[in-house]
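**Student:** Here are the chains, one letter per residue:
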Amino acid sequence: MRRVLVLAAVAAIAFPAPVAAAVSVAVDRTTITRAIGHTFSFRSTITNHGSAPAASLVAHLNVVSLHGGTYVDPEDWSSHRTRYLAPIPGGGSTTIEWRMQAVNSGDFGVYVAVLPQSGAPQPPVTSPTVRVEVAKRRTLDSGGILPLALGMPLALGLLMLGLRLSRRQADGPGA
Amino acid sequence: MASVARARPRPAWPIVAGQELRDLWLGGRGLPLSLAFSALLSILSYLVATNRSLNFLEQHESVNLTLQVAIAVGAMLTLLAAADALSGERERGTLETLLLTPVSRLELTIGKLLGALTLWVAALLITMPYIWFLGRGIGIVGDALAVGALVGSLLAVFLASLGLLVSVFAGSNRVSLSLSLLVLLALFAPTQFPAGAQQGWAGELLQRLNPLTAGEHYVGKIVVDRHPWSDDVSWLASPLVAAVVFGLAALVAGARFIRLDGGPPG
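In order, the protein sequence lines correspond to chains G and A. For the record, in the first sequence the residue sitting at position 47 is 47 according to the numbering used here, with numbers rising by one throughout. For the record, in the second sequence the residue sitting at position 42 is 42 according to the numbering used here, with numbers rising by one throughout.
For the record, the hints were derived by calculation from the structure and aren't laboratory data. These figures come from a predicted structure and were not determined experimentally. Take the hints with a grain of salt, since some may be wrong.
SDA-like cross-link-like pairs, simulated, lysine to any residue; straight-line CA separation at most 25 Å [claimed, not checked]: (1) G:K136 / A:V224; (2) A:K221 / A:G142; (3) G:K136 / A:N51; (4) G:K136 / A:Y46; (5) A:K221 / G:H38; (6) G:K136 / A:V141; (7) G:K136 / A:R174; (8) G:K136 / A:T50; (9) G:K136 / A:A189; (10) A:K221 / G:A35; (11) G:K136 / A:G220; (12) G:K136 / A:L44; (13) G:K136 / A:R136; (14) A:K221 / G:T82; (15) G:K136 / A:L57.
Can you build the whole structure from these sequences, using the hints too?
**Tutor:** If you want it as structure tokens, here you go:
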């Protein structure tokens, strides 16, 4: 019996339990509706269900378009997508707030994946998907602004110059 | 006894106003100020239209931002012109000649006030193409220009009257301009308060009492929130009262207290 226990202890040290077995990730909401350009945030809570501390974990935020045709660059959505977690004691949890900006319109899935920093070949633990619906807002079409932006001051400048010249001519050369 | 028909004397304020317009627009600061105003609106509208983060502004908000800047700066131009109107004449030594002409001081003040207000008219005309560009396609251009003209005119009358009032009593142009600008900055200060300070009954009261913040709030309600004009009309109370009270005060002060050396009445 003692032999079995020793073997089990050695196995536990040599082959640690996968992250999935001990850790879960929850989110505080599963649907977010925003207009394009607006910022939003949600919280994820990573809970350690085991009795031993869960150390050296990294949480990563991901964004994916739920429909084709929309190019998503997650860096545009959040500039702080990777968090290296402090050890979570057994039975404890840690909460992370993720601040994001809706940079594309459409339906997106956002989720948090937690994986060990060791890079062990095991599937990461993921949160439920947060569905983000981004409404299209009517923003300005910038085409054509340059002629107006340059033309108005230019026209006024020319008018001012013309008036000065005509006044100088009216006053005569000796004026 | 034969009655002698006397020709009613022609009012002199149009003549004063005409001379003011010539001084301001043909040889004075009218066109350079308008050019600077136009350059400001060009930069702002270019940024609003092309800058990535600013372009996240909803189109109504882009129109509102540009319109509010145009109203504030356009009204400020009238303040600058009016603050110079009498103290400038005094400093240049031309006030004595002006007072010797057969023009009543009231008419002189009216003419000066109208001359200063033409800067706002020019600012409004310059603003029109920018608002048209920024607001095209969403059916907001007409309302934006109309509410801009209404609120801007009230604020322009208020600020021009304020400037003229200060100019009546100021001994020098420097005093007149600096005092007027100080008051203007004080009026604009609440717009820089944190959002929390602008909420609650005290914050709203302060916004309502200040003609500048009340006027711009009303513009936002029409342009961004698309409220009917009558919904928030109470916000126009302080711009209207300020325009009437300061307009009358400037005319009374001009009629009674214009002196060669300036200084307080008494």
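**Student:** Next step is simple, just say for each hint if it's right about the structure.
**Tutor:** Do the hints match the structure? See the list:
1. G:K136 / A:V224: holds (17 Å)
2. A:K221 / A:G142: Cα-Cα ~15 Å, so holds.
3. G:K136 / A:N51: Roughly 18 Å separates the two Cα atoms, so the pair holds.
4. G:K136 / A:Y46: At roughly 22 Å apart (the allowed maximum being 25 Å), A:Y46 and G:K136 satisfy the hint.
5. A:K221 / G:H38: With a Cα-Cα distance of about 20 Å, the restraint between A:K221 and G:H38 holds, given a limit of 25 Å.
6. G:K136 / A:V141: OK: G:K136 and A:V141 at ~21 Å, within 25 Å.
7. G:K136 / A:R174: Outside the cut-off at roughly 52 Å; violated.
8. G:K136 / A:T50: holds (18 Å)
9. G:K136 / A:A189: violated (35 Å)
10. A:K221 / G:A35: Answer holds: A:K221 to G:A35 is near 20 Å, not above 25 Å.
11. G:K136 / A:G220: holds (22 Å)
12. G:K136 / A:L44: It holds: about 24 Å lies between the C-alpha atoms, which stays within 25 Å.
13. G:K136 / A:R136: Holds: G:K136 and A:R136 sit about 18 Å apart, inside 25 Å.
14. A:K221 / G:T82: Violated: A:K221 and G:T82 sit about 41 Å apart, past 25 Å.
15. G:K136 / A:L57: holds (12 Å)
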